[in-house]
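Student: The whole structure should be built from the sequences, with the hints applied where relevant.
Chain by chain, the residues run as shown.
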Amino acid sequence: MKRTLGWSDRTILIAAGFFFIAPFLAAGEYSLRGYGGKGHTFANYTWILHQLGFGPALLTSLRIAGVSVLLLLFLMIPTVVYVQLGGRRWARLIEILCLLPIVIPVVSLAIGAQVAMPKRLQSTSYELCFFYVIICMPYVYRTLNTGLQAIALPTLVEASSSLGATPVKTLVLVIIPAIRSATLGAAFITFAISMGEYALAVLLHFHTLPTWATNAAQENLYGSVAISIGSLFSVWFLLVLFSYLPAIKGALQNKKVKVT
Amino acid sequence: MDIHGSTVEFNGVTRKFGNVVALNDFSLKIKPGELVTLLGPSGCGKTTALRILAGIDKEHSGVVEIDGKDMSSIPANKRNIGMVFQAYSLFPNMTAQENVEYGLRVRGVDSVARSKRASELLELVGLASQSARRSTQLSGGQQQRVALARALAIEPSVLLLDEPLSALDAQVRSQLRDEIRRIQKTIGITTLFVTHDQEEAMAVSDRVGVMNKGNLDQIDSPSHLYNKPKTPFVAGFVGLTNVVPAVAQSKNEVLVLDQVLDISEHAPSLVKGEEVKALIRPEAISIEKAAKGAVVITKSFLGPMTRIGIDVGLHDLIYVELTSKEAKKIDTGDHVEVTISSDSVMVTHA
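If you read the sequences in order, they're chains B and X.
Going by this note's numbering, the first sequence opens with residue 24, and the numbers climb by one from there.
Going by this note's numbering, the second sequence opens with residue -11, and the numbers climb by one from there.
Read the hints as simulated data drawn from the structure, not as lab findings.
A few of these clues could be false.
[What the hints assert, rightly or not] Which residues of chain B face chain X? A few of them, derived with a C-beta cut under 7 Å, are:
id : residue
1  : 178
2  : 182
3  : 184
4  : 187
5  : 188
6  : 201
C-beta: ideal position from N, C-alpha, C; glycine also.
Tutor: What follows is the structure, encoded as structure tokens:
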């Protein structure tokens, strides 16, 4: 039965929508202001492209975010699958471990984990990937766990195994595609957090997009807001693109079949 | 299709879950091309036996062999056993065709060969036109057909069916049941079927094994199992049975509901005066209207047959099945005279 929204539901939706969208609209408008706050222009966006250090900082952030995503999925998908399949007794412990990063201050993490990190890694920006994996764990664990609970995991694994698949093939060919939305969600949470993380990068003296943007903001405040808006919408664009990729692929295949 | 029936043998297999014995010294031999059903209530160990054969579960003791080869050290993915599950188990990210191809894909079969095989099998299960659909676009019955095709695609040595029809509605269940039997006979694959539905078991099997608390109580052809149950549990589980107190009159005779029956064919050695229980099938009882005597209490229309519950002065009603035409003559509240034919009566110690 189709449920119609009552006035109270509509009010809540409009209020929540306004609460969510208003800051973006305000920031968007601010990023378009001209010199001295007069008029509206895209100059702040073109300004970014001409700034020294923007390209390397962006590439560093993208590289770190990409590696963090891969590292986290590589670590978390098998772990959550294991917990769901047979390791229920470990579930509480793993859940607590995954929630710890929320309560541990970033400064403690930076100092404590830095000491524990192998020397070779301490000198490269890839060190940040390991910190970002820790920071993102709580969100990724929950997302993947929910995704796996929505499918008949034990039956799918048993079916795949009885058909001759090894556990790795089952994971790659059946489980990950079956939880595509959850995997994408986890990937984008990690990507977004890694792209926007400032405190750890500045504490450990790495030059990423957020640290560069903070420096640039001292020169052009409108430009720094434009950077934030730009990176936010880039991530959103990628999210939408990847979400629709299978549908686009399917449509193209259907077209190909019709043509042949 | 290149499938040869294999011999399957369980020898003294035991499986425990904590202190609970799920399977107790279980032995069973399935001949090549035979369809054997394990029938029993929930928790009787039938699915455990099937899962041990599939390699999904592990026995504590005993041996499972396929064609004389000990399977205990062989993992599930190397046993070459096709399995259809109770829950819908199609891979949601794949089409019906891709699901059927999956087993061949993980074996490294080239795409042309596996596509050809998948098409043949989808044709066999009557779903050639649905090959491009995903599981969410298929009905429950169609999903189980695809699962059957998928299980057969790898040319397994044994086919395992773990209550594959239990989630389907009655009409589809009956159709698919017959179709499974047709395909199984066509291919000649050795099959172990697990169900708690006795009608299903009787309809499709060469032999039915009735399981009770981890033990195989009896394994026989469906008709033998129905007509010559070896234990009260089997008699009670396979078909409807009236359990009525009786008293031995001699080595071969018992007094049941004021009638002396000669039960020499089915009796254990009786001692005169011994209190026993008579297990009587509804069709072994006939009734006739009378001025006094037993009273008809319930009347349930079952289509061609009608089941009538009669109070004969015992704690429980006894049940009689008449053709619905015959039953028209009898109403609830009528007095009837009850006659028992000794042919289908079995006696067990009380």
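Student: All hints, please: hold or fail.
Tutor: A quick look at each hint next to the structure:
1. The beta carbon of residue 178 (chain B) comes within 5 Å of a beta carbon in chain X, closer than 7 Å, and the hint placing it at the interface holds.
2. A hinted interface residue such as residue 182 (chain B) counts as satisfied when its beta carbon comes closer than 7 Å to some beta carbon of chain X; here the least separation is about 4 Å, so the hint holds.
3. Because the closest C-beta pair between residue 184 (chain B) and chain X is about 5 Å apart, less than 7 Å, the hint holds.
4. A least Cβ separation of about 5 Å between residue 187 (chain B) and chain X falls short of the 7 Å threshold, and the interface hint therefore holds.
5. With its C-beta approaching chain X no nearer than about 4 Å, residue 188 (chain B) sits inside the 7 Å limit, and its interface hint holds.
6. Contact between residue 201 (chain B) and chain X, as hinted, is supported at the beta carbon level, the nearest pair being about 5 Å apart and thus within 7 Å.
Violated hints for the displayed structure: none, as all numbered hints are satisfied.
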